[in-house]
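Go ahead and model the full structure; you've got the sequences and the hints to work with.
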Amino acid sequence: MITDDRTTDVSTTTPDAAGPPPPIRKIVVDAPPTVAPAAHTPVGHAATGGAPAHVRGEPGPERMALGGLSVFYGDNEAVKSVSLSIRLGEVLALIGPSGCGKTTLLRTLNRLTELTPGARRDGTILLEGTDIDALEVTTLRRRVSMVFQQPNPFPMSIFDNVAYALREQARKRPGRAVVEPLVEDALRRAGLWDEVKDKLDAPALRLSGGQQQRLCIARAIATRPEVLLMDEPCSALDPRSTLVIEQLIGELRQDLAIVIVTHNMQQARRVGDKVAFMYLGDLVECGPAEQIFDAPQAQRTRDYVRGAFG
Amino acid sequence: MITDDRTTDVSTTTPDAAGPPPPIRKIVVDAPPTVAPAAHTPVGHAATGGAPAHVRGEPGPERMALGGLSVFYGDNEAVKSVSLSIRLGEVLALIGPSGCGKTTLLRTLNRLTELTPGARRDGTILLEGTDIDALEVTTLRRRVSMVFQQPNPFPMSIFDNVAYALREQARKRPGRAVVEPLVEDALRRAGLWDEVKDKLDAPALRLSGGQQQRLCIARAIATRPEVLLMDEPCSALDPRSTLVIEQLIGELRQDLAIVIVTHNMQQARRVGDKVAFMYLGDLVECGPAEQIFDAPQAQRTRDYVRGAFG
Amino acid sequence: QATPVITMSGSTSVAPLATLLAKAYVKSHPGKVKFKLAQGGSDVGVADVAAGRVTIGNSSRDPKSSDPSGIFFNKIARDAICLVTNPGNPVANLSQETIQSIFAGDVRDWSQVPGAGITGTIDLVGRTAASGTQDAFQKIFMGSKTVTSSIAAKASNGLVQQAVQSDKNAIGYVSLDFIGGVTPAGYNGVACNLRNAKSGEYGGVRNFWMVTRGRATGVVQSFIAWVQNNAKAQAIVGKHWVPLK
Amino acid sequence: MAVATRPPKRHESIATWRWGDRIAFALCWAAGIGLCLIAALIVGYMAIRGIQYLKPSLLWSHPSGEVDQSNSGGFLDPILGTVLLTIIGIGIATPIAVATAVWVVEYGRPSWLARAVESGIEVVAGTPDIVLAIFGLALFQQGLFGWMSFTAEGGAVFGRSFLTAGAMMSLIALPMVYGNTREGLQAIPRHVREASYGLGKTRIATIRRVLLPAVKPNISTGAALGMGRIAGDTAIVVVLLGATLRLESEGSVPGANVLKGTGSTLTSYVYNNSPAGEGNAAEKAYAAAFVLLLVVVALNFAVDLLARRGAQTGLEGTRLGAGR
Amino acid sequence: MLERLRQPWPDRRAELLLGALACAVLLIIVLMVVFVAREAWPTFRHNGLSWLGPGGNVDSQIGTMVNGGRDFHLRAWPLVWGTVLTTGLAVAFGLAFALLASIFIVEFAPDRLRAIIVPVVRLLAAVPSVIFGLIGILVLVPFVGNHIVTAGQKKSVEFVVQLSGASLLVATVILTVMIVPIMIAIIVDALYAVPRTWKEGAVALGVNRWRAMWTVSVRAARPAIIAAAVLATARALGEAIMLSMVSGSVGFAPNPFDGPLFLLEPLRPLAATIVEDAESLQAPAVRSSVYAFALLLLFSSLFLSLAGFLAKQPMKKYGARI
Ligand SMILES: Nc1ncnc2c1ncn2[C@@H]1O[C@H](COP(=O)(O)OP(=O)(O)OP(=O)(O)O)[C@@H](O)[C@H]1O
Ligand SMILES: Nc1ncnc2c1ncn2[C@@H]1O[C@H](COP(=O)(O)OP(=O)(O)OP(=O)(O)O)[C@@H](O)[C@H]1O
Ligand SMILES: [Mg+2]
Ligand SMILES: [Mg+2]
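Protein chains in written order, with the numbering used here: chain U, 1 to 310; chain F, 311 to 620; chain V, 621 to 865; chain G, 866 to 1189; chain X, 1190 to 1511.
List time: in silico DSS-like cross-link candidates among lysine-lysine, alpha-carbon distance up to 30 Å: (1) X:Lys1344 / V:Lys788; (2) X:Lys1501 / F:Lys507; (3) G:Lys920 / V:Lys643.
Everything labelled a hint here was simulated from the structure, so no lab data went into it. Since we're looking at a predicted model, the values are computed, not measured.
Below is the structure:
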């Protein structure tokens, strides 16, 4: 793990991060800017042309498209006809005050809201052009995977946690030999391999919060989904783990479409290519991070990003 | 009979206790600045002479003094020899990343940590010059009252919730007639009266989150403590309730010493006269709000208030 | 073919005897028959055998009008019923009248009982109506009179024994095996012990029965016949109970 | 409540309490201490008597219906009977209880039916064992159940056997296993399930691969408690097991013949050797009772171990009386 | 078969299978009521509701049945009353005791003591009733009979019953000891389950620990306390073996107006009666009566859980978790 708590400027991060385990080095190598600029830029000054949180590639092809999506809990309309598009290689950050419908929106994308009794949905959600209602739900959820606010590894060994995701329903459970490489790969991509490779059979719940969350990410990306949904993945973690996960997100975006809900505006700025601001169920504003934070159009957005409430 | 072991000097308690008109209106009248400036001032610009969140009176006499306070959970030192002074008529805001010991510090001030098995304490805490260990614990807690992160009204009627402390602290149980005016007064000062005066016997748990929290505040100030501790009182609330409670704090500070823990730096800026930044148990920096936010001394403070982590 | 099995259930007072007999019979007729014994009370035995659940039902009570038809009572032994009092209050002898007046509730104080060592209330201890002992006691000792309802009716010999043992004013009646810790009183001038019972002097004896469904046949018949007539069998009976001859 | 114990002593005195509160405080202490005393008395007395009368030989010698206790044998068969009956009972109870708990917690549709089942279990828990016993008698003497005990040539069914008794015993254990399993399932946070669904797993897959493994400690805790209840129950044995001194096998099929046969357990042995039963051998009763007590204590100990194991797996195994 | 199990189950089939198993439980209960009721029917048809009422000596009534009387005449009042007495007294004392003990365990007990008490409670809860019965009959009953019952008392009721020590007193005491641990187990868990924020909220207001416990925790735990009382009552109602050993087994209805003496009078609750007459089941009248007793017990435990449920309802409103 990173040995230094001043997680902020590269000058301090890189050198001693270079020492310990690979994943960090890996991160540092191909995503050094991940934290640096944001860290150096006081939020306010960013207005005067702060560098984007990280080098942005061209937004890839569209993965998911939301059209007039509304979600009701009983009569309470938690999400009000939201239209959005989620692209490959792009991190979409959802921000907004508590209770504004971020989690609800996210859970709707892989039809988890169907588990909530009394939850209703209007509008269309397309995954690669096909309506998600038309997809078999388990298939959908394997293609649109989710990481939750609370790290929630299953009460099994670390290995089984990842393997569990891999084992297909349909066929009978593949042997350890088959899944082993896949598990390792997933753990590597989640930057957890080197920390756990010696104790794969230890109970996952023995890991630290940050490790648990990364295990959950590994579990989620093991099936190589096309879209990754994250609901405040860092809000339960300490600063250091937060950093590692932000860096991780920076990497994953290359071959995934990522939607992340966060309370922490600086975080949204750091990891988000696009940022969407929700308020009381409305999608108030959605655009590139800089725009939202430095030149917000709507009054409510302005107040919010300036911390007038929430 | 109720007020038997309250030792607050009368001078501070009497004036406001006179006839508080319906708080809501009052807020509009004498506390417009409370939100306005903060709301319209981009945080960054505040650096360049943003008006302080509210007019600050001279800090009053010292109420509590912490000397080299350390708190251990087993071997884990959650608070590391912190020294602070808490003054009447002044709001002290504690900020810091999650897990840095804010709650622990707060709970230690009225010896709530004693309820945690394995929690140990070093250093001295003086309340008006007397060591709090020397005070009988119930007496202490009557003088140093607390509001929690989660609104926790008791499973009773609204009235009983506020009357609870009044009744329990009295040597012999006072009748409703005695308690009624005091309850009303407390509810008024908590700005809740107008909303609940018609349903005083309704279950408190039927109230909205914001109302519940204000009920808890009313409950805490009903017995006129000298110090009020608040642990993230708004983090579970919606923007509007947050606003109301911040205004409420602005008022209460006149006859109370208030310590508030918060995650939201803008909030700390708005309500705090003094701000203390904690990190991993250390008290990194403590000073007037402006200083902490616009001219922080320590590197870690700077990084934190710029939202580099946490 | 497989050796036939004789299943028995019923009276707990007969069970010990039945076990001993069965053992001896198997020993003297090796491989001829096997035994299985369940307890549960005379009525259970009668009911089971009547329903054909067992081949022999042991009963420590005589046939009743209410018994199911088609069953046959084979007398196999007899057993003495002793009136017992607390060791602190030995009573040498009780006449039938005395017993009747005591248990009918007419006499309620030891001072009115000839030969009683103490004075004070008489604590009556008896058996519940279900028990064979109660049935026998009613028949043998009470005759026309009925036991008073204020009696403390116990569910077992053991309880009676224990009650009398722990209460100086108590009097009760138990089967001969249960006189440990209490003092048996004489009946009509005859001490209650095995010898007198065997010799026939002691009047208070009841019968032990092996009940069969219809007249016994085959192995059952030969077993019961052996029990009733074989000298060795009766010798076994003689150890604690009263042989037929 | 652990008041941090290191100088300076934190000042907390009940001297400032109201009188009523102080009295209540005293009463609480009295109750707590009294509880310990009672337990100590009972266990102590049984232990003394037990050690006084318990001869090792009793443990492995068969009982026999002698009159004088000196040679009426030991209680090997009752011990075996207890073990056998306990295993049968729990064996029947556990699957049903677990399945029911899973259904109620994880599916529970339609909800009225779920509620009905819930209260149904509550009723079973509240049904006196003696009622179960004679219900069993009435039920299993139906011709339909001949295979569980044996059918006499008369067509009548004996109705008393390890199987029938075990079946009724399972009803005693059922609520315990059910309750613990349900608590365990409910203790698993919702997001753990959702994580599994989120990975595209079906409900049942989640149940079998995630939930059941997680509540295994709770299940075994409940099972151990249930076994304690079974081993300690008397009424059903007296009425439904025939209370034969020895294990009397029935029929020729090895194994099955024992199950279909009758026997006795430590409880019925104690009962029959106490003055209440026909035999009156206090010594034997005490000795057997002591052994019975040991069995129960052992089961309790097992409960503790299981619960501790459960706590380690992270999702804590909640349990009656265990507190946290 | 195993192969099928290993195969992934379609959710629907799994749900149906599990649901079916769950419903089996309901089926059993229905069966039980039906069977018992059917057996009990004759005596009710003969006696009507006066079956419950007083009249005559119940023991001799049963006696005549045992000895083959085809007469179903029975007045079960003494047995019912005996049940009510033992259960009522035991639960009343037990509940108060258990509540105090639970509060002690949760709040006041020093850690070391708590570490002892908790297992002790569970042990007590697990001691088989026959052991309690054994101690009662070999220790308590003789003690009461010899040292507490006086000759005068014996004489005063000699025409009615014998005071041999086996009595309401002993029965109640032992029964209380038997049900207290059950209640403690439930109440303690409930008290622990009370959200910490509530108790801390109270304590932070400078309320002493007893008051905090009593006004908030106990208040919030009332549903569990009721549940505990219900379960304990059910146990007390159904306790057969122990009571048949120590209650004196006389079909007599102790009269509270006899003053303290009535505590020393013998009685026989329903459950004990069932045990003792179970061996005479073949006599039709007895059979019907015994099953009638069983039916009565069955229904009372049914009504108990219903009553408990109803009693909890009003508490929901104030946020008690049920
Ligand atoms: N299961 C539910 N049943 C009913 N209403 C719900 C449910 N979950 C959420 N809601 C309501 O839907 C609205 C949106 O909730 P949601 O959790 O999506 O907000 P959020 O933005 O995720 O808040 P937070 O930032 O605190 O997670 C809220 O008003 C909430 O009260
Ligand atoms: N009851 C406890 N037992 C052991 N350790 C504890 C306990 N409560 C808190 N801690 C530890 O003490 C440290 C400080 O915790 P604390 O809750 O005071 O932080 P905090 O600043 O309040 O965090 P947050 O902002 O999330 O509320 C943390 O490392 C935490 O793990
Ligand atoms: Mg959310
Ligand atoms: Mg905190």
